[in-house]
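S.K.: For reference, the chains in residue letters:
2 protein chains.
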Amino acid sequence: MISITIIGSGNVAQHLINAISKCDTLELVQVFARNKDSVAHLAAQEKIISDASQFKDADLYIISVADDAIPSVAAMLPFQNKLVAHTSGSVAMADLSNENRKAVFYPLQTLSKNKDINFKEVPLCLEAENESDLELLKKVANAISDKVFEINSEQRKSLHVSAVFVSNFVNHLYHIGNEICNEHNVPFDILKPLIIETAHKIETLSPQDAQTGPAKRKDTTTINKHLALLSDENQKEIYKLLTKSIIDNGKKL
Amino acid sequence: MISITIIGSGNVAQHLINAISKCDTLELVQVFARNKDSVAHLAAQEKIISDASQFKDADLYIISVADDAIPSVAAMLPFQNKLVAHTSGSVAMADLSNENRKAVFYPLQTLSKNKDINFKEVPLCLEAENESDLELLKKVANAISDKVFEINSEQRKSLHVSAVFVSNFVNHLYHIGNEICNEHNVPFDILKPLIIETAHKIETLSPQDAQTGPAKRKDTTTINKHLALLSDENQKEIYKLLTKSIIDNGKKL
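Protein chains in written order, with full-length UniProt numbering: chain A, 1 to 253; chain B, 1 to 253.
Some hints here could point you the wrong way.
It does not matter which identical chain is meant; a pair holds if it fits inside one copy or across any two.
[What the hints assert, rightly or not] The list that follows gives simulated cross-link-like pairs (lysine-lysine, PhoX-like), each with its CA atoms no further than 20 Å apart:
{"hint": "1", "residue 1": "LYS218", "residue 2": "LYS240"}
{"hint": "2", "residue 1": "LYS240", "residue 2": "LYS216"}
{"hint": "3", "residue 1": "LYS56", "residue 2": "LYS252"}
{"hint": "4", "residue 1": "LYS22", "residue 2": "LYS252"}
{"hint": "5", "residue 1": "LYS36", "residue 2": "LYS138"}
{"hint": "6", "residue 1": "LYS82", "residue 2": "LYS244"}
{"hint": "7", "residue 1": "LYS244", "residue 2": "LYS139"}
{"hint": "8", "residue 1": "LYS120", "residue 2": "LYS252"}
{"hint": "9", "residue 1": "LYS192", "residue 2": "LYS115"}
{"hint": "10", "residue 1": "LYS225", "residue 2": "LYS251"}
{"hint": "11", "residue 1": "LYS120", "residue 2": "LYS192"}
{"hint": "12", "residue 1": "LYS147", "residue 2": "LYS192"}
{"hint": "13", "residue 1": "LYS115", "residue 2": "LYS22"}
{"hint": "14", "residue 1": "LYS236", "residue 2": "LYS225"}
{"hint": "15", "residue 1": "LYS252", "residue 2": "LYS192"}
If you're looking for bench data, these hints aren't it; they were derived computationally from the structure.
Kindly generate the complete structure, drawing on both the sequences and the hints.
M.R.: Have a look at this one:
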């Protein structure tokens with residue numbers, strides 16, 4: 001039984017609390033949350049603390065708070081030489097406090113409070129200062145996920161940037177598609193099968209091979225029709241830049 | 001039994017031939033293809049023609065060729081007053097020849113020759129000049145798909161632009177994510193669950209509500225770290241523009 005305390009109450013913290021609670025080989029010791037109510041539905045009342053003096057002993061402390069709060073939260077922990085991991089894609093392991101053994105436990109997935117997820121499918125990217133801590137992290141990760149990777153801080157940074165492109169920016173393009181539909185009284189639902197298929201295609205094809213559309217075909221007639229239809233300057237600018245990028249990429253081949 | 005002839009041999013034509021052939025209530029009369037070999041695996045040899053004088057009678061002729069070839073292909077048809085539909089998202093119905101009854105049969109999906117698809121899930125957007133032709137199109141569409149929509153030429157244009165954003169541009173962002181991973185020796189596979197989940201999220205959440213990430217949080221520290229990590233000017237430009245767009249969108253709320 002590996003004992004774990006979660007520090008934080010946001011999206012990632014809540015999904016971790018859930019995944020750990022469901023697992024026979026892991027024990028949720030405590031949840032540290034400034035606002036106890038935010039996690040009251042996820043853990044027994046006596047396990048939820050908001051006072052740093054109440055921390056009990058645990059094998060692993062996972063800090064899951066906003067990126068810029070990680071150093072200060074790590075620094076306020078009242079204990080020494082414990083294993084402390086953060087869950088951020090963009091914060092270096094070194095930014096944790098020197099008082100404790102540093103590690104990273106980064107779930108590479110888009111986690112929303114109001115959307116359940118099969119945690120077994122969430123890739124977990126692990127890093128630790130020493131081998132025995134890494135082994136413990138692996139045991140925890142393998143207990144809750146089928147996709148566990150050892151990723152160093154440099155690799156994690158590049159993964160996080162990639163994730164912004166393939167998830168945050170992609171979702172924003174969905175939003176723009178939705179706006180264009182609304183403007184022209186077309187139900188956005190018609191586009192959902194296309195959105196799903198576009199994502200699933202790259203499970204078997206490389207994005208390079210999966211590319212279709214007017215930019216890929218250098219079909220300037222259609223491209224110009226599209227630009228004429230767009231009324232929003234920001235949408236036009238995004239259309240032009242991404243079209244140019246697809247065309248330039250075709251030239252590189 | 002509704003009889004249909006397909007004119008063309010590209011991705012969309014091939015998927016249509018497949019879907020029609022599988023359907024008991026539809027009859028594939030002929031396939032017109034300049035290069036007969038390209039569809040030899042999909043239809044009996046005697047049904048494949050490449051000479052316009054060999055067209056037989058059919059209830060519906062579907063032109064599925066490159067957008068800019070649609071008007072000339074429609075004009076070369078040697079018959080009059082037949083129902084002729086094209087399959088394009090961006091060509092107006094009016095661009096078909098006045099010699100025949102005009103219609104549109106637009107499958108809104110990304111179709112690749114080397115990837116099977118469940119055609120029942122492909123949204124079909126229909127348009128016709130008169131009610132009885134529209135009824136026939138609906139019968140054909142409902143026989144091969146569960147998602148049939150009546151969409152006029154103006155609406156279809158906006159749907160096509162939206163589709164470019166949510167599919168072609170999205171796939172290009174997958175490509176950029178893949179490039180960043182390759183550059184930093186990280187397996188792109190780690191990102192695939194995130195890509196799939198990002199797409200499935202909008203089945204239950206609006207893209208607006210599903211948005212996460214540093215731009216949404218106006219987390220300039222992370223944004224600047226990401227820009228510093230990107231070595232490619234084109235990637236930087238796309239990062240900046242989409243980040244600005246997400247931030248500006250947040251201000252509109």
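S.K.: In ascending order, which of the hints set out earlier in this document are inconsistent with the structure?
M.R.: 3, 4, 5, 6, 7, 8, 10, 15
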